[in-house]
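Peer 1: For reference, the chains in residue letters:
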Amino acid sequence: MLDGVAGNLEQYMTLLADRQKLVAANIANADTPGYKTRDIDFQTEFRNALDGAPPNVTEVQGLTVKNDGNNVSLDREARLLAENDLRFNIATNLLRGQIRTLKLAIDGGGSSSS
Amino acid sequence: MSLFSTLSVSASGMAAQRARAEVLVENLANADTTRTAEGGPYQRKDVVFETSSTSSPFSSVFQSALDGEASGVAVSQVVTDSRPPERRYMPGHPDADKDGYVAYPRVNPAEDMVDLLGASRGYEANVAAMGAIKDMIQRSIDLLK
Chain P
1 MLDGVAGNLE QYMTLLADRQ KLVAANIANA DTPGYKTRDI DFQTEFRNAL DGAPPNVTEV
61 QGLTVKNDGN NVSLDREARL LAENDLRFNI ATNLLRGQIR TLKLAIDGGG SSSS
Chain Y
1 MSLFSTLSVS ASGMAAQRAR AEVLVENLAN ADTTRTAEGG PYQRKDVVFE TSSTSSPFSS
61 VFQSALDGEA SGVAVSQVVT DSRPPERRYM PGHPDADKDG YVAYPRVNPA EDMVDLLGAS
121 RGYEANVAAM GAIKDMIQRS IDLLK
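Sequence lines, in order, name chains P and Y. For the first sequence, my numbering gives the first residue as 1, with consecutive numbering after it. For the second sequence, my numbering gives the first residue as 1, with consecutive numbering after it.
Hints listed in this document are in silico derivations from the structure and should not be mistaken for laboratory results. The structure presented is a predicted model; accordingly, all values stated were derived computationally and were not measured. Where hints are given, some of them may not hold.
Unchecked claim - Beta-carbon label-pair distances, calculated as ranges:
id, chain 1, residue 1, chain 2, residue 2, range
1, P, G7, Y, A110, 27 to 35 Å
2, P, D75, Y, V48, 34 to 42 Å
3, P, D75, Y, V114, 16 to 24 Å
4, Y, D81, P, R96, 37 to 45 Å
5, P, D51, Y, L143, 20 to 28 Å
6, Y, E111, P, A6, 52 to 60 Å
7, P, D75, Y, K45, 45 to 53 Å
8, Y, L143, P, D107, 29 to 37 Å
9, P, G109, Y, L143, 20 to 28 Å
10, Y, N108, P, D51, 55 to 63 Å
Said to hold, decoys possible - Pairs of lysine to aspartate or glutamate, EDC-like flavour, derived with a Cα cap of 16 Å:
id, chain 1, residue 1, chain 2, residue 2
11, Y, K98, Y, E111
12, P, K36, Y, E50
13, Y, K134, P, E83
14, Y, K134, Y, D115
15, Y, K134, P, D85
Glycine included, every Cβ here is placed at the ideal spot set by N, Cα and C.
Please work from the sequences and hints to get the whole structure.
Peer 2: This is the structure:
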């Protein structure tokens, strides 16, 4: 029973971790001349990840390019940082629920305190 | 585990911003230095950033799809400002030339202070990113409880 939903949650968390890495890279390169903001299309890549395909990283279009050719927007990255963090929080809490259910089944319905 | 290598990305950002701040502070400290080991007045310096790949101690074993990409940042070089020195008329100064002018470094404190603010904000942004990633790792660990 852990396989179905928990497997998808694991893919979700892995993809969130990959996206958080891109956000961290964008923030680290906020002052690198010529650096272009990179991101993944989360919905599409999550569907691909469920089929086992690696994420496809693209350069984000439509951002203001500064004089040095860099287009990192710290506001955008701060929002994504918080969003990924919260989504990861949801996923870990759901996964914890799955594990708790399984433990309950193992314990035979809750005579144990944990 | 991708999250641990993400910590290295933020760490590289912090290191680069710190190096930039060090150079800027050196400029401010030497704004009036007329004598250097190379001779002549101090010359203003600046850092150039470039993307670089980061490595985590376990990257060879638990490699993620994105691990091979250059995602960190590093200081590629420290460039010297080529603007000519500022000449001030100070005939009594020991470094004055025969016309009584002293060559002072072309350091504009306002320029370096603004850059320093940028370095400080950049450092803070990397610290915030590292905090968020640390939270994610901690929550993954809490699943074991």
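Peer 1: Do the alpha carbons of Y:K134 and P:E83 lie within 16 Å of each other, as the hint requires?
Peer 2: With Cα atoms ~15 Å apart, Y:K134 and P:E83 stay inside 16 Å; holds.
Peer 1: Mind checking the alpha carbons of Y:K98 and Y:E111 for me, to see if they're no more than 16 Å apart?
Peer 2: violated (31 Å)
Peer 1: Taking 29 to 37 Å as the hint, is the beta-carbon distance of Y:L143 and P:D107 inside that range?
Peer 2: Once the Cβ atoms are compared, 18 Å apart, the range 29 to 37 Å for P:D107 and Y:L143 is violated.
Peer 1: Take the C-alpha atoms of Y:K134 and P:D85, compute the straight-line distance between them, and say whether it is at most 16 Å.
Peer 2: Holds, at about 10 Å.
Peer 1: If I claimed the Cβ atoms of P:D75 and Y:K45 lie 45 to 53 Å apart, would that claim hold in this structure?
Peer 2: Given a distance of about 30 Å, which is not inside 45 to 53 Å, the answer is violated.
Peer 1: Please work out if Y:K134 and Y:D115 have their alpha carbons no farther apart than 16 Å.
Peer 2: Answer violated: Y:K134 to Y:D115 is near 29 Å, above 16 Å.
Peer 1: Just tell me: holds or violated, for the beta carbon distance of P:D51 and Y:L143 against 20 to 28 Å?
Peer 2: holds (25 Å)
Peer 1: Are P:G7 and Y:A110 spaced within 27 to 35 Å by their CB atoms?
Peer 2: violated (57 Å)
Peer 1: Okay, Y:E111 versus P:A6 on CB: inside 52 to 60 Å?
Peer 2: The hint (52 to 60 Å, Cβ to Cβ) holds, given that Y:E111 and P:A6 are roughly 55 Å apart.
Peer 1: For a C-alpha distance cap of 16 Å, please report whether P:K36 and Y:E50 respect it.
Peer 2: Holds: P:K36 and Y:E50 sit about 12 Å apart, inside 16 Å.
Peer 1: Is the gap between the beta carbons of P:G109 and Y:L143 within 20 to 28 Å?
Peer 2: holds (23 Å)
Peer 1: Can you tell me whether the CB distance of Y:D81 to P:R96 sits inside 37 to 45 Å?
Peer 2: violated (56 Å)
Of the hints listed earlier, those the structure fails to meet are numbers 1, 2, 4, 7, 8, 11, 14, in rising order.
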